[in-house]
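Engineer: Heads up: the sequence lines are chains G and Z, in that order. Using my numbering, you'd call the opening residue of the first sequence number 1 and step up by one each time. Using my numbering, you'd call the opening residue of the second sequence number 342 and step up by one each time.
Derived by calculation from the structure, the hints in this document are not laboratory data. Please note that a few of the clues may not be correct.
What the hints assert, rightly or not - Here are the simulated DMTMM-like pairs of lysine to aspartate or glutamate, each with C-alpha atoms no more than 20 angstroms apart in a straight line:
no. : chain 1 : residue 1 : chain 2 : residue 2
1   : Z       : 362       : Z       : 402
2   : Z       : 362       : Z       : 403
3   : Z       : 362       : Z       : 491
4   : Z       : 362       : G       : 232
5   : Z       : 362       : G       : 243
6   : G       : 337       : Z       : 440
As the list claims (entries may be wrong) - Covered by chain G, per the in silico footprint, the following chain Z stretches (three or more residues, Cβ under 8 angstroms):
no. : stretch
7   : 415-428
8   : 566-576
Note that CB positions come from ideal geometry on N, CA and C, so glycine has one too.
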Amino acid sequence: MTRILGIPTGWLAILVAAVFTSIGIAMMLGPELLGPGRVLAFLQPTANDHPLDRLLFDWRLPRVLTAFLVGGLLGAAGAIFQGIFRNPLADPFLIGTAPGAALGATLALLVPGLAVFQAISPLLLLPILSFLGAFGATLAVLLLARLAQVRDTAGLLLAGVAMAAFLGAARSYLMLALADETISLQVVLSWTLGGVQTPFWHELALAALAALILLLMVRRLAYGLDVLGLGDEVARNMGLPVERFVMIATLLASAMVALAVTWGGTIGFVGLIVPHLVRWTLGPRHAPLILASALLGGILLTLLDGLARSLLPPAEIPLGVLTALIGAPFFMLLLAKRRHQ
Amino acid sequence: MTDPTTTYRPLAHLSGLRLAKGGRPVLDGVALDVFAGELLALIGPNGAGKSSALKCLGGIEEAWSGRIELEGRPLAAFPTGERARRIAYLPQFFAPHWELSVADLLDIGQRRGLMSLGSGDIGWPALSTSDPPARLNQLLRDLELTGLLDRRFASLSGGERARALLAQALVTRPSLLLADEPIASLDPAHQLRTMQYLRRCRHETAALVVLHDLNLALRFADRIAVMADGRMVACGQRDDIVASGVLTEVFGVRFEAHVTSWGQALLPG
Chain G
1 MTRILGIPTG WLAILVAAVF TSIGIAMMLG PELLGPGRVL AFLQPTANDH
51 PLDRLLFDWR LPRVLTAFLV GGLLGAAGAI FQGIFRNPLA DPFLIGTAPG
101 AALGATLALL VPGLAVFQAI SPLLLLPILS FLGAFGATLA VLLLARLAQV
151 RDTAGLLLAG VAMAAFLGAA RSYLMLALAD ETISLQVVLS WTLGGVQTPF
201 WHELALAALA ALILLLMVRR LAYGLDVLGL GDEVARNMGL PVERFVMIAT
251 LLASAMVALA VTWGGTIGFV GLIVPHLVRW TLGPRHAPLI LASALLGGIL
301 LTLLDGLARS LLPPAEIPLG VLTALIGAPF FMLLLAKRRH Q
Chain Z
342 MTDPTTTYRP LAHLSGLRLA KGGRPVLDGV ALDVFAGELL ALIGPNGAGK
392 SSALKCLGGI EEAWSGRIEL EGRPLAAFPT GERARRIAYL PQFFAPHWEL
442 SVADLLDIGQ RRGLMSLGSG DIGWPALSTS DPPARLNQLL RDLELTGLLD
492 RRFASLSGGE RARALLAQAL VTRPSLLLAD EPIASLDPAH QLRTMQYLRR
542 CRHETAALVV LHDLNLALRF ADRIAVMADG RMVACGQRDD IVASGVLTEV
592 FGVRFEAHVT SWGQALLPG
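Could you put the whole structure together from the sequences, leaning on the hints where they help?
Structural biologist: Written out as structure tokens, the structure reads:
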């Protein structure tokens, strides 16, 4: 069995084909459904552009690609967090990472003083505060667990759930306390429910570059995460500086979640489901797991975002609602399965 | 049985080793030499500090004070990766968090000491289950793992698990193996086979093995070290240890000696 980038060639071919298929399908979906012929015509450079092409290029294509980017980031970050927490139920949204990012982003959107800064540098403030929130929340959970001498991962998850609840409440409070007539609460709220933004092309290029760099960096964590899964003692003996490694892995995965939250709001369960599906087919080794989770997360979110745009026209279903509708039953299924074992 | 203390310089040397956990001293000035080519059994009552001593030597406990040397150099002077490649540790309890196959375990084991932060080797796959390299093949044959490579670790029997773990620890040919009760959960046949294997490969990989079974220690170890209350009470040839009466003192029971085909065996009572 040959492998490319750690993934068996056959599976990689299927995943890559699915990436393009999902993007193609998502291009057809929207308040106005398009046939495959129209999308293919859009892709062919011709002299006389169809009037729709401008719309597809400025709005639908960046939106679809952003959905893929956000899904990929969440899938890969989910795989890393599950590796750090050594628990397949760890998810950026359950363990407080994404709620932390959301709190940071809410501050960026709502605090008046910051809004001025936001006007100067909109590309930076939201991601930076998201990242600080994501990293701070995850670190707090890990420290909390260490202080409480929590050894089992279930306890760690509980600490994360408490953290997530606290951060969610703090965000709701801030939204009520800080919103005034100058800031539309509707914007913050829709972002809270999860929904992919439509960036300008230069913004998308920057985000994609950041995502690519992060993905290349976290692939170097793969073997360390494998070793971490053997337990702290064996990991230390094998030469892994456990605390420092966990810190760096948390930092990088938090940056991924922050980037995803910046462009997609709070979309739960993708980081939970996707690594599971990958593990069932490709096994638990982290080199293939992280990459395949990124691809599958992108595919899944591209399709779901397409559905969110087209199911209830002209309204859009918040993406977080869709992923929760699918993800929560999946989560229950996992719990039942674990209990069964 | 030759006395390794007269023929080799120590591979590992501990002296004045102290370790406290939660304000309580666990190790209180431990001294021990492990020589290349020997199988050294570490025995003593529960809570004597045997596991802690192993963990200090294996780079797992870091808050110790005193002296640990490897081949005459302080352990701290070794880069982490080099220390990891030279000293392998086999924990008393081992359960991987993911459903790894035997091949996965060996593949991870092969990269022992090779990763450092930010430069982790993610090349893939180091281990091909259909055509493993010759040296690995030998190890797989010796430990009867050839047909088990694709099996999940969790699905193995106790004896198979012990062999898989041993293979993972030995795959990079470390110079010292630290094994914490490697045979505690094995049936007598597997206990014997594991000890025989450790004894057979001790010229390549010396072994410091924590044992609770005195007779297996007497039968297979070149020397025996006895710990109690965080101290090294005695260390020497097995006949000297038996004759010294230190076992009765340390374990608080009298032992009756019986002569068997392999030598003197001890029965408590």
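Engineer: So, for every hint listed, does it hold in this structure?
Structural biologist: We went through each hint and held it up to the structure:
no.	hint	verdict
1	Z:362 / Z:402	holds (10 angstroms)
2	Z:362 / Z:403	holds (11 angstroms)
3	Z:362 / Z:491	violated (40 angstroms)
4	Z:362 / G:232	holds (17 angstroms)
5	Z:362 / G:243	holds (18 angstroms)
6	G:337 / Z:440	holds (15 angstroms)
7	415-428	holds (count 6)
8	566-576	violated (count 0)
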